[in-house]
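Student: Protein sequence lines correspond, in order, to chains A and B. Numbering (the working numbering) for the first sequence: 1 to 117. Numbering (the working numbering) for the second sequence: 118 to 236.
There's no promise every hint is true.
What the hints assert, rightly or not - Below are the DSSO-like pairs computed for lysine-lysine, each with C-alpha atoms no more than 27 Å apart in a straight line:
id: 1; chain 1: A; residue 1: K55; chain 2: A; residue 2: K18
id: 2; chain 1: A; residue 1: K18; chain 2: A; residue 2: K71
id: 3; chain 1: A; residue 1: K71; chain 2: A; residue 2: K53
id: 4; chain 1: B; residue 1: K120; chain 2: A; residue 2: K57
id: 5; chain 1: A; residue 1: K70; chain 2: A; residue 2: K53
id: 6; chain 1: B; residue 1: K155; chain 2: A; residue 2: K3
id: 7; chain 1: A; residue 1: K71; chain 2: A; residue 2: K55
id: 8; chain 1: B; residue 1: K155; chain 2: B; residue 2: K120
id: 9; chain 1: B; residue 1: K120; chain 2: A; residue 2: K55
id: 10; chain 1: B; residue 1: K155; chain 2: A; residue 2: K57
Treat the hints as calculated values from the structure; they're not laboratory data.
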Amino acid sequence: DVKVTQSSRYLVKRTGEKVFLECVQDMDHENMFWYRQDPGLGLRLIYFSYDVKMKEKGDIPEGYSVSREKKERFSLILESASTNQTSMYLCASSLSLAGGPLGDTQYFGPGTRLTVL
Amino acid sequence: AQKVTQAQTEISVVEKEDVTLDCVYETRDTTYYLFWYKQPPSGELVFLIRRNSFDEQNEISGRYSWNFQKSTSSFNFTITASQVVDSAVYFCALSEEFAGGTSYGKLTFGQGTILTVHP
Chain A
1 DVKVTQSSRY LVKRTGEKVF LECVQDMDHE NMFWYRQDPG LGLRLIYFSY
51 DVKMKEKGDI PEGYSVSREK KERFSLILES ASTNQTSMYL CASSLSLAGG
101 PLGDTQYFGP GTRLTVL
Chain B
118 AQKVTQAQTE ISVVEKEDVT LDCVYETRDT TYYLFWYKQP PSGELVFLIR
168 RNSFDEQNEI SGRYSWNFQK STSSFNFTIT ASQVVDSAVY FCALSEEFAG
218 GTSYGKLTFG QGTILTVHP
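Input sequences plus hints: build the corresponding full structure.
Tutor: Here is the structure:
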């Protein structure tokens with residue numbers, strides 16, 4: 001089974017703090033993704049990575065950065081947290097586009113509910 | 118631009134009722150993939166099904182069935198004889214065409230439908 005883990009289920013930070021959200025997958029997947037989920041808006045893509053040290057902006061990258069130093073780990077960084085970044089953050093990974101019929105299927109972690117005060 | 122619409126924000130049913138969750142999508146791609154995910158109260162999105170744009174055959178998996186109609190750009194999900202454990206948020210999603218392998222399977226999600234099944 002694919003396992004995607006996220007470092008924290010719940011996190012409370014103060015405005016202006018630097019926040020790190022960590023995601024680890026154990027299935028040697030090439031692609032990793034960070035989403036935020038807000039009521040009524042569904043999931044919106046923040047950043048994704050298709051290889052180590054490679055990253056691409058998603059639909060809402062402002063205020064965020066990412067790091068992928070190892071294949072299994074993808075970090076989301078809030079350089080200076082703000083109250084409008086209070087949200088549920090979900091990490092996902094997928095094998096690769098060449099991975100057969102389900103190579104592009106994304107598997108999700110349990111999510112981190114971040115509150116910025 | 119791609120778009121996925123789940124018009125039903127919330128649905129409430131009584132156990133054993135059948136329920137259909139609607140999903141309508143927009144895309145200019147000729148090749149695309151549609152997904153359904155379930156998000157139980159624990160928060161983790163669980164993959165349910167993937168369907169490619171060339172396969173309009175309906176699919177049934179136990180109490181779950183999916184109706185894909187390209188003519189109406191819809192990919193609806195039906196739960197037969199619903200159970201309390203089906204209570205969750207359900208998301209429909211659409212992936213971009215793999216044009217030259219540059220899309221990396223990015224997903225566009227609908228807003229989600231909250232399904233509550235009462236005993």
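Student: Each of the hints needs a verdict: does it hold here or not?
Tutor: For each hint, the structure was consulted:
1. For the hint linking K55(A) to K18(A), the alpha-carbon distance of about 20 Å falls within 27 Å, and the restraint holds.
2. As the CA atoms of K18(A) and K71(A) are separated by approximately 23 Å, the hinted pair is consistent with the 27 Å bound.
3. Between K71(A) and K53(A) the alpha-carbon distance is near 9 Å, which keeps this suggested pair within the 27 Å criterion.
4. Of the supplied pair hints, the one linking K120(B) and K57(A) holds, its CA atoms being roughly 18 Å apart against a limit of 27 Å.
5. Restraint check for K70(A) and K53(A): satisfied, since their Cα atoms lie roughly 8 Å apart, inside the 27 Å limit.
6. Restraint check for K155(B) and K3(A): the C-alpha separation of about 17 Å stays at or below 27 Å, so the hint holds.
7. This hinted pair checks out: K71(A) and K55(A) have alpha carbons roughly 12 Å apart, not beyond 27 Å.
8. Using a Cα cut-off of 27 Å, the hinted pair K155(B) and K120(B) holds, with the two alpha carbons roughly 19 Å apart.
9. In summary, the hint linking K120(B) to K55(A) is supported, as the alpha carbons are separated by about 23 Å, within the 27 Å threshold.
10. Of the supplied pair hints, the one linking K155(B) and K57(A) holds, its CA atoms being roughly 26 Å apart against a limit of 27 Å.
Checked against the numbered hints given earlier, this structure breaks none of them.
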